[in-house]
Amino acid sequence: MTLLEISELTLDLPNGSRLLDGISLRIEEGETVGLVGESGSGKSLTARAVIGLLPDQARTTGSVRLGQTEVLGASVAELLELRRHTASMIFQDPRAGINPMRTIGDHLTEALRLCEGKSAAEANARAKELLAAVRLPRPEDHMHQHPHELSGGMLQRVMIAGALTSSPQLLICDEPTTALDVTTQAEIVAVLSEQRASRGMGMLFITHDLNLAASLCDRVYVMSGGKVEEHGTARAVFGNPQTPYTRRLIEATPSISLSAAETAALAQQSGTLTAAGQGETEPMLAVEGLSKSYRRRGKATVDAVKAVSVSIPRGGALGVVGESGSGKSTLARMIVGLESADAGGIRVDGRDRTTVPRTRAERLAHARSVQMVFQDPYLSLDPRIAAGRSIEDALRLHGTLDSRAARSRVLELLDQVGLAEQYADARPRTLSGGQRQRVAIARALAIEPDVLVMDEATSALDVSVQAQVLDLVADIRKARGLTVLFISHDLAVVRRVCDETVVMKAGEIVERGQSVQLLAAPQHPYTRLLLDSIPRPAWESDPRESAAANA
Amino acid sequence: MSAPTPTMAVRMMRAPRLKRAASWYTVSLGVLVVMTLAAVFAPFIAPYDPNFVNLSAVYQGPSPAHWLGTDSLGRDTLSRMIFGARTALLGPLLVVVFSTILGILLGLLAGWRGGWIDSVLGRLFDVIFAFPSLLIAIMAVALFGKGLVAPVIAMSIAYAPFVARLTRQLIVSERSRPYVAAYRVQGFSGPWIALRRVLPNVTPIVGAQSTLNFGYVLAELAGLSFLGLGVQAPTADWGAMINEAQAGLTGGYFLPAIVPAVAVVIVVVAVNIIGEELSDRIGGGVPA
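Chains as they are written, first to last, in the numbering used here: chain A, 1 to 551; chain B, 1 to 288.
Keep in mind the hints are simulated off the structure, nothing from the lab. This one's a predicted model, so the numbers in the text were calculated from it and none came from an experiment. Any given hint could be a false lead.
What follows is a set of in silico ranges between Cβ atoms, one per label pair, in the way DEER data are often shown [what the hints assert, rightly or not]:
1) R235/A with D118/B: 20 to 30 Å
2) A261/A with R196/B: 49 to 59 Å
3) P132/B with P55/A: 41 to 51 Å
4) D106/A with W24/B: 35 to 45 Å
5) T301/A with I128/B: 31 to 41 Å
6) V302/A with I128/B: 37 to 47 Å
7) I128/B with G16/A: 50 to 60 Å
8) R196/B with L79/A: 46 to 56 Å
9) T301/A with W24/B: 51 to 61 Å
10) V302/A with G30/B: 57 to 67 Å
11) D118/B with A265/A: 35 to 45 Å
Positions of the beta carbon are idealized from the N, C-alpha and C atoms, including for glycine.
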């Protein structure tokens, strides 16, 4: 039986912009349907339409049938009934969706007590059952905890439990794992699939991650610009995409699976790998036994970075992979001189850069040694300063260019990162995420540093934009012989940029080696866990197996 | 991991609703403009000399000759109102300007440097907060004499902590933003970043909040002159006018007292509406 049937759904704003354009989508009972697309493609709006969460001013046409009810134009009472018993929704940020002042127990029993009229004892029992069902370790204790006591992953499980209190027939998940680490994501996805299977629910799963959609969904709809580009079984869409957009999206998505050439190369050099000494010349970046710990009032000291040593040869690229809290950002901040190290040393091109610069000369010298591109291009550019101006500031701080020369150099740099002249006078807010990150890269290059540190520089971007930025970094490396330290939580991205990779966990490097080698034959259990957690299409083979088979 | 940014759908839901407050904002701006014009061009607009005493025409009601009547000395209320607008606007304006400058500097120092400077300034603000601003002003008058100067200086100091607290809070949150770290990595000095880049980003918000103080200061300065401690007779001042008209109230001549009182209320409300609207407009435009 059809659970959800959306046909020709169109949504217009009063200002005339059309956000959804003829969306048709169907979910059968017990089926998992993926809605993939980049930001602004309308996937969240489509999902919100299902439970009547649309903006007040929006004008809609078409039809959204959930079970037996037509959602568009439904009365408030009907909508309440739908939200209470037919469909539930899980959102991206669990912390934003829960009252921080109330306990987890309050959150879970509220709906049961107020909407279902259950007694407090019944509601409590049911809530504990649900917490156990989403595999939270101590349901009894969690009932009395407040949201801030739980991690993001645990909180998302609470939200799932909350969504399940009404025993919905349809569960709508709007990017439920995007804010989580990859290992946590794997656990959440496992819980979701388990609950879906045991309850026979239908699921509408929204994600920008094609691999995740492929690993989870029976059928997928690819959305772009408010339209459904393509739909079909996950295997058909991802294996044999029909539209150019889907093809581009798939190409842009970094993957951890190895190409045939890579496996062959790997098989050839498997014997010589351990002997791959760095040569005698001094590395461009040499970090020796770097440590940093934070003392917190009334709590145990946190060792953010423990005796980490890495080195990058001139012109090389090293990837640092780890989950949140692994110390990779602290490492980056010490290298660029934003934080002081407790022990150890940092040398860039043979010069000591361990201490946080104090004097003007030290600051400038440090800046010329290392530059950094930050994670969130929405926050790392000064909102008030135009793109060209921020680059010019950096140029004039470090050089003696007059304003005309500086201006032409700015345009040159913008051109190098693929931005036309007109963007020089654009304020950051008028630029897209990818454009902002290009400006940030141009700004870093303006100083002509020896080493460029990229801290999660592409994780806030859409995959197609991410691919462009990664290509840009590759081009610049080729053209300038820039040395890059690339920090990311995403192995697939790191492997695309870096020859060598280190894996960090809890402040320590647990494994290091060639990126390809690391993917094919991870030695440390944590690296293996990371690799296993990365979603991959059900039909795709394990990279390690394929490597082993070819060897 | 990236802090989750609102998706398109969420951002759309937050799209500004139709501005109901906009019309009141326009009216309030109008009130302020009219008042300013009246104050600036008082000698040309006022039908009479505000200090012209005419004992044969005391406590007159509204008439074509005296639109708002006359007071106990036969002075034209409208003319006194128009001239009174001068001190009514000038005092609060000076206080707002001085307290904003002082507050921003102290707030910047506390927020940017942190540490013991922040603690010391924080306690200092607490101490100033503990005294009602009117009390500080009265103390200043007792020490330095009556008039407009002493109360303005005293009130500037009394109101500076409000500005400083807000500035400090904004600076602290701004300081931890990646763009500040980006400036540091590029090699810019701390003071340069603080003064040239961070401060301009917070001043619009602080400025909008400061306009809200204008209304409070106006009311308090009027109160001070009502007590006879502010602007001295015979200068026309709204607070002083209410005071002078007290005697007439018992005789049933309420107009000379009610007119300046109503004017104070209207201006305070207008300034507050403007301040709120400005804060909303600036604060609403979250830098993203």
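>> Verify the CB-CB distance for R235/A and D118/B against the hinted window 20 to 30 Å.
In response: Given about 60 Å between the Cβ atoms, the range is violated.
> Does the Cβ-Cβ separation between A261/A and R196/B fall within 49 to 59 Å?
Replying inline: 52 Å, holds
> Does the Cβ distance between D118/B and A265/A fall inside 35 to 45 Å?
Replying inline: 57 Å, violated
> Does the Cβ-Cβ separation between I128/B and G16/A fall within 50 to 60 Å?
Replying inline: 53 Å, holds
> Does the Cβ-Cβ separation between P132/B and P55/A fall within 41 to 51 Å?
Replying inline: Taking Cβ atoms as reference, P132/B and P55/A lie about 46 Å apart, which means the hint holds.
> Should the hint that R196/B and L79/A are 46 to 56 Å apart at their CB atoms be regarded as holding?
Replying inline: At 52 Å between Cβs, range holds.
> V302/A and I128/B, beta-carbon distance inside 37 to 47 Å?
Replying inline: 38 Å, holds
> Okay, T301/A versus W24/B on CB: inside 51 to 61 Å?
Replying inline: 55 Å, holds
> Is 57 to 67 Å a correct range for the gap between the Cβ atoms of V302/A and G30/B?
Replying inline: 58 Å, holds
> Is 35 to 45 Å right for how far apart the beta carbons of D106/A and W24/B are?
Replying inline: Holds, since D106/A and W24/B (Cβ atoms, about 40 Å apart) stay within the stated range.
> Holds or violated: 31 to 41 Å for the Cβ distance of T301/A and I128/B?
Replying inline: 38 Å Cβ-Cβ, so the 31 to 41 Å window holds.
Going through the hint list in order, the structure does not satisfy hints 1, 11.
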